[in-house]
Amino acid sequence: MSSTPYRTPEPDSRSAATVGKSVRIVGQIFTKEDLYVDGDVEGTIESMENKVTIGPNGRVQASIRAREVIILGQVQGNVETSDKVDIRKDAKLVGDITTSRISIEDGALFKGSIDIKKPEPKVTTPPPQPIVSRSAPTPVPEPYSATTPGAGLSTAAINR
Amino acid sequence: MLTEKLLSIFRKDGDPFSNNAQLASLRAAVPTRSVTPAGPGRKPGRKDALTRQSRGLEQFFFNIRDVVGLSVLDCAGASQDNIDFLINLGHKVYAQDLVQNLDEAFGPDPEAQTNPSRIDYFLKQNFAYPPETLDGVLLWDSLQFMSPALLNATVDRLAEVMRPKAYLLAFFTATERVRDVPSNSFRIADNKTIVLTERGIRPAGQVFNNRNLEKLFGKFESVKFFLTRENLREVIVRR
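Chains G and R supply the protein sequences, listed in that same order. Residue 16 in the numbering used here is what sits at position 16 of the first sequence, and the numbering runs on without skipping anything. Residue 238 in the numbering used here is what sits at position 78 of the second sequence, and the numbering runs on without skipping anything.
There could be a bad hint or two in this list.
[Unchecked claim] Distance condition first, Cα-Cα at most 25 Å in a straight line; then the derived PhoX-like pairs of lysine-lysine: (1) R:252 / G:92; (2) R:252 / G:118; (3) R:379 / R:325; (4) R:284 / G:92; (5) R:252 / R:284; (6) G:117 / R:252; (7) G:89 / R:252; (8) G:117 / G:92; (9) R:284 / R:352.
[As the list claims (entries may be wrong)] Simulated restraints on C-beta separations: (10) R:375 / G:27: 51 to 57 Å; (11) R:244 / G:33: 28 to 34 Å; (12) R:263 / G:57: 22 to 28 Å; (13) R:372 / G:27: 52 to 58 Å; (14) G:26 / R:342: 42 to 48 Å.
Hints in this document: simulated from the structure, not taken from any laboratory. Quick caveat: nothing in here was measured; it's all calculated off a predicted structure. Virtual Cβ for every residue (Gly too), placed ideally from N, Cα, C.
All chains, please: the whole structure from these sequences, using the hints.
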């Protein structure tokens, strides 16, 4: 029951590979870019870092592994994503889902199981430390002695 | 009196509704009819949603409280609300639309529901789970549209795929005659509130009285009934 307006995502030829309406593929698809399937695919689809969209004319009998999967057509097979599965109105999915997030619009048909996997926490790298030159170490100001004016001050302090 | 009698028909300990105060709150629960705002998935002509409390649902979640990682089958179809609710409780969700699958398997002819090969096909399509897989089953009103032959076969199959001590929730019309009854979609609002949206009228498979239901679930450990103001029996069954 998503409240987002129903829109058919248009394939972007610049950033997504496309399987057109009249195309039928039997076998394995591996891609390192987004994939839009509006034809028939039988086998497996894998695009672990990217988004796979099954268009309204798409008929897929395949397991799908991707970062994100959007279904507007028909899929028979298991779907595994690291991010999100989005099943739109009038879509049909028969298979098991493993994902972090799921969205199912009213009117979608789903039959299978949903297993939610919490996303793995990202490893944060510490910010890079400033590089300190060995030849010119940063002088550390020493305590100022009131009894001996000038004595104990580092060069840097004097130059300031 | 009838309500009290029905409420008292159970065999399980730990009933949360056994004291008078809770019984009074049950009687005071008045269903509210609210209009669901039109959304992208809302079909034209659908009736308004009815929000009401469900003692059966409350009992169901009471029984599986404090446990995570259960396998729960929701037969209301693909419902974002139900899936979100069950996932937030930490459970694995199995989903299917059993009423729609009835249509696909048997078509509009009620006689088809007596065909053994079709019944077998239906069970394989909808309950092909390994034995003792499910910890909870939300059947909603789907069972009441099955013919006696199909109903008995389905309940027998459910007994196989449910784990011991697992629970199922089912709704049956409490009318004394077999007639057409509304079919609803069910959305879980919270652990004791459901939102019903009518999705058509269907012939009930048979008359469902207490005796019939106890006989139907004879293989199960316990059966508990709640009678609602909508003349509906909410039934909690323990495997």
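Evaluated hints:
no., hint, verdict
1, R:252 / G:92, "20 Å, holds"
2, R:252 / G:118, "13 Å, holds"
3, R:379 / R:325, "12 Å, holds"
4, R:284 / G:92, "19 Å, holds"
5, R:252 / R:284, "21 Å, holds"
6, G:117 / R:252, "10 Å, holds"
7, G:89 / R:252, "23 Å, holds"
8, G:117 / G:92, "22 Å, holds"
9, R:284 / R:352, "32 Å, violated"
10, R:375 / G:27: 51 to 57 Å, "54 Å, holds"
11, R:244 / G:33: 28 to 34 Å, "31 Å, holds"
12, R:263 / G:57: 22 to 28 Å, "24 Å, holds"
13, R:372 / G:27: 52 to 58 Å, "54 Å, holds"
14, G:26 / R:342: 42 to 48 Å, "45 Å, holds"
Of the hints listed earlier, the one the structure fails to meet is number 9.
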